[in-house]
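Undergrad: Given next are the chains, with one letter for each unit.
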Amino acid sequence: MQNAAEIVVQRLTKDYGRFRAVDDISFEVAKGSVVGFLGPNGAGKTTTIRMLTCYMPPSSGSARVAGFDVFGQSLQVRQNIGYLPENTPLYPEMRVEEYLDYRGKLRGMNRAARRQRIAEVAQRCWLTERLRWLVGKLSKGYRQRLGIADALLHNPPVLVLDEPTVGLDPSQIREARKLIAELAGRHTVLLSTHILSEVELVCQRVIIIGRGKILAQGTPDELKQQCARAGAAGSRLLVEVRGPSDQVLSAIKALPGVEKVQVLADGPVQSLAVVGRLDAQLREQIAALVVQRGWALREMRLGGASLEEFFVQITDPGTSQAAA
Amino acid sequence: MSRIMAVAGRELKSLFYSPVAYIVLTLYLLFVGLLFSMLVFIPGELANPQPMFEWNHLILIFIVPFITMSLLAEEYRSGRFEVLRTSPIAELEIIIGKYLGAMGFYCVVIASSVVFVLTLMAFGRPDFHPIFTSYLGLLLMGSMMVAIGVFFSALSEHQILAAMSTCVTLVALGILVGFVRQLVPTSWFAATQIRHVLGYMAIEPHMANFARGVVDTQNIVYFLTGTGLFLFLTYVVLESRRWR
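Those sequence lines, one after another, are chains A and B. To convert, take the position in the first sequence, counting from 1, and add 320; that gives my numbering. To convert, take the position in the second sequence, counting from 1, and add 168; that gives my numbering.
Derived by calculation from the structure, the hints in this document are not laboratory data. By construction, the Cβ of each residue, glycine as well, lies at the ideal position given by its N, Cα and C atoms. A couple of the hints might just be wrong.
Stated by the list, open to error - Simulated restraints, written as ranges between beta carbons of each label pair:
1. A/Lys457 x B/Thr194: 26 to 32 Å
2. B/Ile191 x A/Lys457: 52 to 58 Å
3. B/Val282 x A/Lys351: 44 to 50 Å
4. B/Ile191 x A/Arg494: 42 to 48 Å
5. B/Gly177 x A/Gln524: 39 to 45 Å
6. A/Ala433 x B/Gly177: 14 to 20 Å
7. B/Pro219 x A/Thr448: 56 to 62 Å
8. A/Ser379 x B/Met332: 55 to 61 Å
Claimed, not checked - A short, non-exhaustive set of chain A residues, derived as facing chain B with CB atoms under 7 Å:
9. Ser379
10. Ser382
11. Phe391
12. Glu413
13. Arg415
14. Tyr422
15. Lys425
16. Arg427
17. Met429
18. Ala433
19. Val583
20. Leu584
21. Ala585
To be verified - According to the in silico footprint, chain B covers these stretches of chain A (three or more CB under 8 Å from chain B):
22. 346-354
23. 527-540
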């Protein structure tokens with residue numbers, strides 16, 4: 321693990337004046353993996369990424385990318401990183417091909433290498449038929465593809481993508497995710513996002529960050545288990561019952577093993593979220609209870625732990641202290 | 169070096185893609201044409217283009233800010249500066265690339281005035297030596313003006329602000345310093361020295377020498393140190409932005 325880590329971040333901190341945007345974070349990204357960098361807006365994702373890509377130096381702590389220190393060997397780091405910044409800033413007056421050629425020149429690629437790589441990345445990012453277009457005339461989806469193509473151009477070992485799917489339509493998002501998933505193995509990818517399904521789909525590991533600190537990290541499955549253990553959603557039963565509301569509520573609350581009942585929707589049909597010990601055979605008990613009282617059981621299902629609930633729980637200022 | 173040329177080439181092209189380039193060229197030709205027809209192209213007079221070059225800086229003061237305003241300001245505003253800075257290119261390479269790109273366009277602008285020299289040649293036989301030194305002077309003067317423009321473009325995210333502050337600085341160096349120099353009372357302590365320093369700071373006398381056909385090291389040094397100073401200040405600005 322130590323040797324195979326492509327990105328090593330140690331006690332990284334960034335202050336903007338008195339505001340501490342990133343607070344003493346440490347993590348590692350293994351070679352060839354796709355790691356999701358997850359957090360609400362303003363959590364410090366972009367600041368961390370900007371330190372990793374040598375846009376600005378850290379206030380304290382250190383980071384190594386592809387074996388080079390971001391502060392002391394910034395030029396080598398930049399040579400080994402492909403970076404797609406938020407919002408994909410481009411030159412609207414240039415042609416796609418021209419832009420990629422310019423970017424290749426900035427990375428010191430010779431003419432033959434540029435021509436070959438432009439053809440390759442254009443094909444990879446489905447840009448081939450747009451190479452002669454003006455960048456300013458491209459749709460948002462194509463601009464994003466061009467940004468990714470630019471990041472891939474010099475075939476860097478490390479890719480850093482800051483919110484690559486923002487502003488894309490659903491089919492474009494799917495394409496972008498497919499592309500990112502394809503990059504795994506050949507490249508180490510750090511993907512920043514605040515969209516959870518994205519992380520579940522493409523990332524092998526997740527780092528959740530909030531208010532400048534790392535709140536949790538692990539594989540998506542580990543995080544789900546962690547959240548089940550935290551007693552949140554894993555053991556949650558969603559029950560819909562037709563019956564007198566106060567009676568239904570008190571009867572279910574009285575069952576052994578039930579810890580908490582939350583009313584999701586009231587009325588002639590009750591929608592309840594029941595939290596309790598699953599080993600107490602809650603489902604059988606509830607079913608038996610409803611039949612015994614002569615109510616109608618309309619629906620009962622296990623509310624699976626989603627990363628989304630975990631995320632909300634962990635990044636919510638009120639509860640995060642306990643979760644972290 | 170290839171990176172510097174990549175930045176410079178891109179900048180030069182993008183200047184030609186924008187309408188600003190053509191407005192600037194038109195205005196320049198218009199005003200140089202005025203100088204030419206009023207002061208140079210006079211029947212019966214000597215074919216002497218000197219006044220046209222001597223007063224050229226008064227036009228360029230208002231032209232150069234439009235060439236340089238977008239160089240860095242627009243990169244900051246659009247977020248492209250982040251792309252540039254995270255590319256494997258040093259700050260100094262960015263600055264020199266931008267400067268050279270703007271200089272390339274500036275050369276096109278001053279070269280356009282060759283049409284007036286050609287007109288003069290059609291009707292008379294002007295002396296080529298001062299014409300040659302005039303263009304050398306315009307090149308050196310432009311170098312300093314462009315460097316000043318690069319500096320102010322690095323200071324702001326707003327092109328207009330960059331253009332205006334460049335313009336104010338150029339007006340101060342090109343016009344105001346000369347006046348202020350006259351206003352220094354002789355009763356002041358070290359009045360002659362102050363006048364001398366102010367006189368050295370002004371653009372006009374340095375350019376006037378070149379227009380007369382005189383190549384003086386003092387004038388060359390003035391323009392080159394001005395260029396160096398402002399490019400260095402730009403470097404300082406970029407470095408300090410990194411730490412904010």
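Undergrad: Which of the numbered hints are not met once you compare them with the structure shown?
TA: Those not satisfied are hints 2, 3, 8, 9, 10, 11, 13, 17, 18, 19, 20, 21, 22 and 23.
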